[in-house]
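Undergrad: Assemble chain B onto chain A, guided by the hints.
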Amino acid sequence: MIIDLFINGKKIQAETAPDQMLIDFLRGLGYKSMKRGCDTGNCGLCTVWMDEKPVLSCSVPAARAAGHKITTLEGVQEEAAEFSDYLANEGADQCGYCSPGLIMNVLALKREIPNPTMAQIKEYLSGNLCRCTGYQGQYRALAKYFGVEE
Amino acid sequence: MHTIRNYIMAESLEQAWELNQKGRNNIIIGGNLWLKMGRRNIINAIDLSSLGLDKIEEDEGGFRIGCMATLHDIETHEGLNKEFQNLFKEAVRHIVGVQFRNCATIGGSIFPKLGFSDVLTAFLACDTQVILYKKGEVPLREFIYIPTDNDILTHLYVKKDGRKTAYESFRMTETDFPTITCAVAKTQDGFETVLGARPKHAEVVVDEVVADAFSSEEVADYAKRVIGKLQYGSNIRGSEQYRKQLSKVLIGRCISRLTEE
Numbered sequence: 001m002i003i004d005l006f007i008n009g010k011k012i013q014a015e016t017a018p019d020q021m022l023i024d025f026l027r028g029l030g031y032k033s034m035k036r037g038c039d040t041g042n043c044g045l046c047t048v049w050m051d052e053k054p055v056l057s058c059s060v061p062a063a064r065a066a067g068h069k070i071t072t073l074e075g076v077q078e079e080a081a082e083f084s085d086y087l088a089n090e091g092a093d094q095c096g097y098c099s100p101g102l103i104m105n106v107l108a109l110k111r112e113i114p115n116p117t118m119a120q121i122k123e124y125l126s127g128n129l130c131r132c133t134g135y136q137g138q139y140r141a142l143a144k145y146f147g148v149e150e
Numbered sequence: 001m002h003t004i005r006n007y008i009m010a011e012s013l014e015q016a017w018e019l020n021q022k023g024r025n026n027i028i029i030g031g032n033l034w035l036k037m038g039r040r041n042i043i044n045a046i047d048l049s050s051l052g053l054d055k056i057e058e059d060e061g062g063f064r065i066g067c068m069a070t071l072h073d074i075e076t077h078e079g080l081n082k083e084f085q086n087l088f089k090e091a092v093r094h095i096v097g098v099q100f101r102n103c104a105t106i107g108g109s110i111f112p113k114l115g116f117s118d119v120l121t122a123f124l125a126c127d128t129q130v131i132l133y134k135k136g137e138v139p140l141r142e143f144i145y146i147p148t149d150n151d152i153l154t155h156l157y158v159k160k161d162g163r164k165t166a167y168e169s170f171r172m173t174e175t176d177f178p179t180i181t182c183a184v185a186k187t188q189d190g191f192e193t194v195l196g197a198r199p200k201h202a203e204v205v206v207d208e209v210v211a212d213a214f215s216s217e218e219v220a221d222y223a224k225r226v227i228g229k230l231q232y233g234s235n236i237r238g239s240e241q242y243r244k245q246l247s248k249v250l251i252g253r254c255i256s257r258l259t260e261e
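In the order they appear, the protein sequences are chains A and B. Those letters in the first sequence? Residues 1 to 150, by my numbering. Those letters in the second sequence? Residues 1 to 261, by my numbering.
No wet-lab data here; the hints were simulated from the structure. A hint or two may mislead.
[Said to hold, decoys possible] Covered stretches of chain A, going by a simulated chain B footprint (3 or more residues, C-beta under 8 angstroms):
id, segment
1, 42–54
2, 60–66
3, 84–98
[Said to hold, decoys possible] Straight-line C-alpha distance at most 20 angstroms; calculated EDC-like pairs for lysine to aspartate or glutamate:
id, chain 1, residue 1, chain 2, residue 2
4, A, K69, B, D54
5, A, K53, B, E75
6, A, K53, B, E78
7, A, K144, A, D85
Using N, Cα and C, we set each Cβ at its ideal position, and we do this for glycine too.
Here chain A stands alone, though its shape is the one from the complex (with noise of 0.2 angstroms):
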């Protein structure tokens, strides 16, 4: 089935399977930057936007996505980096697999809620898994990136 969409502003018309994923077809069309993790809806590592809100990239059927606006990491690189900078600088970025999943839910509670608690980061971000450690470098960066006390 052909469906059309908007990738990260750009309209785009390709063909899906009817039981496709997002993230194979996304992956499909060249934007590699969610990944594969638990494939369960766990993890969030194939986190996206989907008409600006994050969803599961892994259990949203493409077809789904028909007519909706779809943005991954590749749509929002400048934000992305300025906010990859606070997790290098606090040596939480890693092997780097989860950042492309957390980077973008970061960006989308910023959009939520513009100033965030501790409580609420921590509450937002759970469905982000670090198989690293034990999210201390990450706290560290996201304090300092939204400007709240540890």
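TA: For chain B alone, kept in the frame of chain A given last:
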């Protein structure tokens, strides 16, 4: 992982309903989160997301919630949470992460009567009507005992009746399925307690009369009577006895919050 032969973006509820009558392999897709974990061979996956059923509308009598509204929509709806003292926010905020809650739908959470559902527990604590495409309005408290069929849940209607509510749940780890869920509502007639994830689907106990002012002995006695009316079981998240013990604690916490205010 499931397979899907045809993905149908429904153009009307009638079209969706007709397709849904064609047997088990035709299925309405909600958030696709739970469904994706199975291994079904689906002939027609029916998507209701273009029918405008994702809205939460408030009127004088209550809130009309479309089946495609997401868990994050009820979590962040100011009117709904003000009316019910953050019941819905508290019920869903532990469910995985915000991306998951932007995918999971109200219809997909309520229609299958899932045993682990925080969402079902919260809605049962209110006077909630289920609106089905063919059968019309059915109280949620009756709907949970009706065998699942091929009708379509289009909306929930949650009445504003002045009740006060409190919600508590217990998880082995944050964002996991709950070991037990508990909601207590204080109405004009007394207290109503909902217990879910026992691990059976949530149920309400309304026929236990208690005084307005509680001593800790009265609360413990009330909790014991409520727990005694429900069936419990064991699974990997906890034994029957452990769940009963947790229920006592959570009922106590909810009542304490409701009576302190």
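Undergrad: Mind checking, does the segment 60–66 of chain A have 3 or more residues with a CB under 8 angstroms from chain B?
TA: Our answer is that it holds, as 5 residues pass the Cβ test (under 8 angstroms) against chain B, meeting three.
Undergrad: K53/A and E75/B were given as a pair; does the straight-line alpha-carbon distance stay at or below 20 angstroms?
TA: 14 angstroms, holds
Undergrad: Are there three or more residues in the segment 42–54 of chain A whose C-beta lies within less than 8 angstroms of some C-beta in chain B?
TA: holds (count 6)
Undergrad: Regarding the pair K69/A and D54/B, is the alpha-carbon distance no greater than 20 angstroms?
TA: 17 angstroms, holds
Undergrad: Are K53/A and E78/B close enough, with their CA atoms no more than 20 angstroms apart?
TA: 18 angstroms, holds
Undergrad: Straight-line Cα separation of K144/A and D85/A no greater than 20 angstroms?
TA: The given pair, whose Cα atoms are some 11 angstroms apart, holds under the 20 angstroms limit.
Undergrad: Mind checking, does the segment 84–98 of chain A have 3 or more residues with a CB under 8 angstroms from chain B?
TA: violated (count 0)
Violation of the numbered hints given earlier is confined to hint 3; every other hint is satisfied by the structure.
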